[in-house]
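Trainee: Those protein sequence lines, which keep their order, are chains S and L. With the first sequence counted from 1, adding 6 to any position gets you the numbering used here. With the second sequence counted from 1, adding 6 to any position gets you the numbering used here.
No lab work stands behind these hints: they were computed from the structure. For clarity, every value in this text was computed on a predicted model and none was experimentally measured. Just so you know, not all the hints are guaranteed correct.
No copy is singled out in the list; a pair is fine if it fits within one copy or between any two copies.
[Unchecked claim] Here are the computed lysine-lysine pairs in the DSSO-like style, where the Cα-Cα straight-line distance is at most 30 Å:
id, residue 1, residue 2
1, Lys183, Lys238
2, Lys96, Lys124
3, Lys183, Lys96
4, Lys96, Lys238
Number of protein chains: 2
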Amino acid sequence: MAVIYAIGVGPGDPELLTRKAERIISQCPVICAPTGAADAASYALSIVEHLLDRSRQEVISRVFPMMKKGPELEAAWDEVAQEVIERIDKGEDVAFITIGDPCLYSTFLYIYRIIRAKRADITVEIIPGISSINASAAAAGISLGIAGERIAILPATYENHELRNTLQEFDTVVLMKVSRAFDRVYGLLVELGLESSSVFIRRVGSPQQEVVFDLSTLVGRELDYLSMLIVKG
Amino acid sequence: MAVIYAIGVGPGDPELLTRKAERIISQCPVICAPTGAADAASYALSIVEHLLDRSRQEVISRVFPMMKKGPELEAAWDEVAQEVIERIDKGEDVAFITIGDPCLYSTFLYIYRIIRAKRADITVEIIPGISSINASAAAAGISLGIAGERIAILPATYENHELRNTLQEFDTVVLMKVSRAFDRVYGLLVELGLESSSVFIRRVGSPQQEVVFDLSTLVGRELDYLSMLIVKG
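Modelling step: build the complete structure from the supplied sequences, incorporating the hints.
Mentor: Right, dumping it as structure tokens:
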């Protein structure tokens with residue numbers, strides 16, 4: 007029976023693909039790539055484009071309305087899951103590609119849940135990828151954790167009173183999706199005396215990559231969706 | 007001036023090396039590989055052995071007494087840092103290879119701190135690797151975090167009263183170095199009703215890989231040093 011591969015393609019630099027990801031992406035007859043908006047090229051797809059041969063590979067580039075919620079989003083996921091299942095039933099392996107790592111805040115996890123519920127008999131093999139967290143720490147040249155240290159990872163969209171405890175208790179705190187919450191979170195970091203031991207990273211592993219240690223320069227700026235803060239306690 | 011590359015070689019499977027890691031490891035005249043005991047082959051070195059040509063590459067395979075603490079350990083790190091600096095001063099690039107990811111609980115971070123203190127002028131480039139955390143979640147087929155979920159990563163060696171809070175507050179808790187603490191931690195998971203939503207993974211990405219969902223089968227067993235628990239709240 008055909009297999010679904012969920013493949014992490016890393017943060018953006020095609021050189022950060024693994025050999026295993028390259029091999030499976032080159033071999034699969036069907037490539038499924040999520041994209042955040044109808045008119046945007048899929049970022050995951052752009053990372054692996056050099057491996058694809060569209061004369062023998064089908065590319066399903068479905069729109070995932072990332073900003074939408076509720077039934078409309080659920081229906082979109084369900085439709086993709088159904089398309090993937092149809093290819094599997096025809097005997098075709100499907101490579102579902104995802105930015106970073108498939109197990110860490112990826113779109114794949116929604117599809118995975120649906121496919122598991124619909125068809126527990128289908129084999130899903132997950133190929134890990136370089137996550138944007140590891141790539142960001144590398145780009146900034148900082149440790150995520152050493153020896154007995156504790157690390158917390160959470161979206162920056164939590165309220166300040168929820169973030170405060172975590173920032174005080176953990177040695178390293180990674181705040182994902184920080185773009186819209188930045189000014190508020192920066193205020194909290196200043197309050198806790200953590201602003202000078204923090205680093206902001208956007209679009210890691212892409213030509214637009216930016217690593218900013220002086221967070222005060224970012225206040226009031228329009229920031230990228232693919233950005234995070236790493237805070238050292 | 008020559009450069010120090012800190013390169014994550016992933017959890018064990020040579021196919022989980024990145025292209026970038028492969029390229030730099032093949033090119034560097036000096037490879038520095040840590041090993042946990044004098045008589046043990048370096049695990050990181052075994053992952054990249056197929057890339058090496060010892061007729062043109064020097065391999066510094068220094069002993070890191072992982073179980074030791076204090077001045078003796080500090081002296082061992084200092085000696086390796088000095089050897090690396092000597093090669094850089096001779097104009098030779100050094101690839102410091104490390105299992106998993108260099109920024110996440112790696113031996114490299116100790117060396118990095120020493121080299122930064124001794125010689126801030128040397129360029130250190132960090133190449134991220136697949137961490138054992140991402141690889142373990144992939145092997146177990148579970149999510150580390152989705153949407154607004156919060157993730158905590160910490161050594162299992164913390165006392166139960168410290169672990170309890172984290173296990174109750176976070177959606178996913180990754181407990182590293184669980185081998186010696188397993189029986190105690192298992193008792194805590196049972197107390198919190200979390201034992202059936204947890205998974206144990208040892209030696210991920212190696213031929214000895216084992217994924218265990220029924221934790222009760224592990225009680226009283228001698229467990230591997232390279233093992234972790236992923237607990238879903």
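Trainee: Each of the hints needs a verdict: does it hold here or not?
Mentor: These are the hints, each one checked on the structure:
| no. | hint | verdict |
| --- | --- | --- |
| 1 | Lys183 - Lys238 | both (18 Å within a copy, 22 Å between copies) |
| 2 | Lys96 - Lys124 | within (17 Å within a copy, 61 Å between copies) |
| 3 | Lys183 - Lys96 | neither (38 Å within a copy, 44 Å between copies) |
| 4 | Lys96 - Lys238 | neither (50 Å within a copy, 35 Å between copies) |
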